[in-house]
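Peer 1: Sequence lines, in order, name chains B and L.
Residues in the first sequence are numbered from 1 upward in steps of one, following the numbering used here.
Residues in the second sequence are numbered from 1 upward in steps of one, following the numbering used here.
Be careful, since some hints might not be right.
Stated by the list, open to error - Label-pair distances were calculated between CB atoms; the ranges are: (1) B:146 x L:17: 52 to 58 Å; (2) L:13 x B:1: 38 to 44 Å; (3) L:143 x B:34: 31 to 37 Å; (4) L:6 x B:170: 50 to 56 Å.
To be verified - Taking lysine to any residue pairs in the SDA-like style, the calculated list, with each CA pair at most 20 Å apart, reads: (5) L:176 x L:60; (6) B:112 x L:60; (7) B:112 x L:55; (8) L:115 x B:103; (9) L:115 x B:70; (10) L:82 x L:98.
What the hints assert, rightly or not - In silico contact screen, one side only, chain L against chain B (beta carbon under 7 Å); selected entries: (11) 12; (12) 62; (13) 104; (14) 108; (15) 118; (16) 160.
Simulated from the structure, these hints should not be mistaken for laboratory data.
Beta carbons: idealized from backbone N, C-alpha and C, even for Gly.
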Amino acid sequence: MRLIIITLLGLGLATAVGLGATWITATRGTDLGTLTIGAWTARPRIGSAEIDPYSRAAIARSGELPIGAGDGLAFLAKADDAQRPLDGRCEVIIAGITPAARFWTLTLHDRKGYLVANSLQRHGFTSQEIVRNSDGSFAVHVAARARAGNWLPTGGIERYVLMLRLYDTPVGVGTRTRRDAPMPSVTTEKCS
Amino acid sequence: MIRLLFAIAGGILLGGIVHLVSVLALPRIASQDAYSRLTEIATLNAVTPLPPAEPANVLMPYMDPAFAVAICRYDLSDGSIKLTVPVSEAYTSVSFYTQSNVAYYAINDRSAGRKVIELNLMTEAQHAELPEEEDVTAADRLIIDSPSTTGLIVLKALAPEPGMMEQARSSLAAAKCRLQTEPPVVKPETKR
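Using the sequences and the hints, build the whole thing.
Peer 2: Shown next as structure tokens:
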């Protein structure tokens, strides 16, 4: 009798540990093969045949199609430079320059990856739309209320993510540091 | 007591195996992955434009709203695919995915180097059947080997400004994805 109970306990533990670990890695992702620069994280191998099993599982679960490596690379930011989660009720400033690329787009998504409704119907900027400073740098204000300059509305949602996609870029598997790929800073200013 | 410890240790070990198996199995058993989502709306071996990325569109997460997107779901069991995509003004790319959402190849307008991206997609077996001579003479013809019989081709055209979206859509509307039941290159009669 005791043997049965102990065996069941072991099997139950195996199921819980195994499926729990799978759920966590498929939902949150792993650090396997990631490239992190400041607040931004990319997976250079996600758009190639060398994709790791954890990323494959995460993609199958979320339903997204990763950008092919010959097409571009996507950087995701869930928090600012101080590790504070991006809050749609605060003003967040994305400032600086981007790595070399023919085009880039900066898009605001909710935590599930969908676009957020707003009255302006603006969901992001392309590198061509953005207003730059005289030295080529730019600043995007991500806020619920209108701002001067490059304003990206949050729709007032609590949590969001930012995606900076570089198209036709040399940034990829060989990139290691900020010097190869200077990513813009992400800072949270005042919250309302 | 020792039995209990043994059960816990065994359970954790077995849990590790459960975890590995479930991570590897997840892409196969997922029913909400991108390929399954797109199968419902895409006709086989033809170009299907995707609805524009907007908050009401929950087709796939993390879609870039700056792009017009069209897909061609292919099945190579009856022949190879000939794909022609006219290049739009800003940026055009073609990405290839297997039915398990692995991006195995992607090319953009600049690396294609022409006004029209033209390529043949076939399985490795079909590629091997091509007459060798033809393969050489058609060196500038792009042949892509698909690792799987079925998969997805994603065509994307960038609209650098919202006003250029119509243009990007119409350039993709002219794209063609056709099944070629006959060999891609007709053998000369003189052979054999």
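Peer 1: Which numbered hints turn out to be false for this structure?
Peer 2: 2, 5 and 15
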